[in-house]
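S.K.: One letter stands for each residue in the lines below.
Number of protein chains: 2
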Amino acid sequence: MKAIVHIALKNGVLDPQGKAVADTLTRMGYKEVEAARIGKVIELDLEDGLSKDAADARVKEMCEKLLANTVIESYRYELAE
Amino acid sequence: MKAIVHIALKNGVLDPQGKAVADTLTRMGYKEVEAARIGKVIELDLEDGLSKDAADARVKEMCEKLLANTVIESYRYELAE
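Residue numbers (the working numbering), protein chains in the order written: chain G, -6 to 74; chain W, -6 to 74.
In case anyone wonders, no lab produced these hints; they're calculated from the structure.
Keep in mind that a hint or two might mislead.
[What the hints assert, rightly or not] Here are the simulated DSS-like pairs of lysine-lysine, each with C-alpha atoms no more than 30 Å apart in a straight line:
#1 Lys12/W x Lys53/G
#2 Lys12/W x Lys33/G
#3 Lys58/W x Lys45/W
#4 Lys45/G x Lys12/W
#5 Lys58/W x Lys45/G
#6 Lys24/G x Lys12/W
[Stated by the list, open to error] Negatives, chain W to chain G, calculated, CB over 10 Å:
#7 His(-1)
#8 Ala29
#9 Ile65
All C-beta atoms in this analysis are idealised placements derived from N, C-alpha and C, irrespective of residue type, glycine included.
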């Protein structure tokens, strides 16, 4: 089973990395770029045989404890066979 | 208009960051994690009035020139009104 975890900065949180990308693109001539925000995607391979409910509970725990900094980041995930 | 750019390491390219995440999760007791791979999502806000074709060509250029290291990374993107 695979878990695809999407992590993004919460609205209102400054994104210096995104700003640097937007500024660089503008300097390169891509004036149409108004802003950029950077997020992460973490693809987890989980061992076979896990029930979907068990995997769901565990992945949520992994997000809360390690994968996302829940003070400034939000996360969502989907499970795929 | 928004462009959502997904960047991932090409298959076969080592992912030390992903390995570190997988190893840490396993040490934390999440033995069901077999592997992890990390990717990026870059959300670009583009100025209004761009045609979809123009935006498509420009975003492709931005990916090729800056956003993705095409030696080790693959990219895909979608445009959203």
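S.K.: Taking the hints in turn, state whether each one holds.
M.R.: Structure-based check of all given hints:
Straight-line distance between C-alpha atoms of Lys12/W and Lys53/G comes to about 20 Å, which keeps the hinted pair within the 30 Å bound. The hinted pair formed by Lys12/W and Lys33/G meets the criterion: a straight-line CA distance of about 15 Å does not exceed 30 Å. In summary, the hint linking Lys58/W to Lys45/W is supported, as the alpha carbons are separated by about 20 Å, within the 30 Å threshold. A distance of roughly 24 Å separates the Cα atoms of Lys45/G and Lys12/W; the hinted pair therefore holds under the 30 Å criterion.
About 41 Å separates the Cα atoms of Lys58/W and Lys45/G, which puts this hinted pair outside 30 Å; it is violated. Annotation: proposed proximity of Lys24/G to Lys12/W is violated, straight-line Cα distance about 38 Å (limit 30 Å). For His(-1)/W, the shortest C-beta to C-beta distance to chain G comes to about 7 Å, within the 10 Å cut-off, and the non-interface label is violated. The beta carbon of Ala29/W sits about 5 Å from the closest Cβ of chain G, which is not more than 10 Å, so the claim that it is off the interface is violated.
For Ile65/W, the shortest C-beta to C-beta distance to chain G comes to about 16 Å, beyond the 10 Å cut-off, and the non-interface label holds.
The structure is inconsistent with the numbered hints 5, 6, 7 and 8, although it conforms to all the rest.
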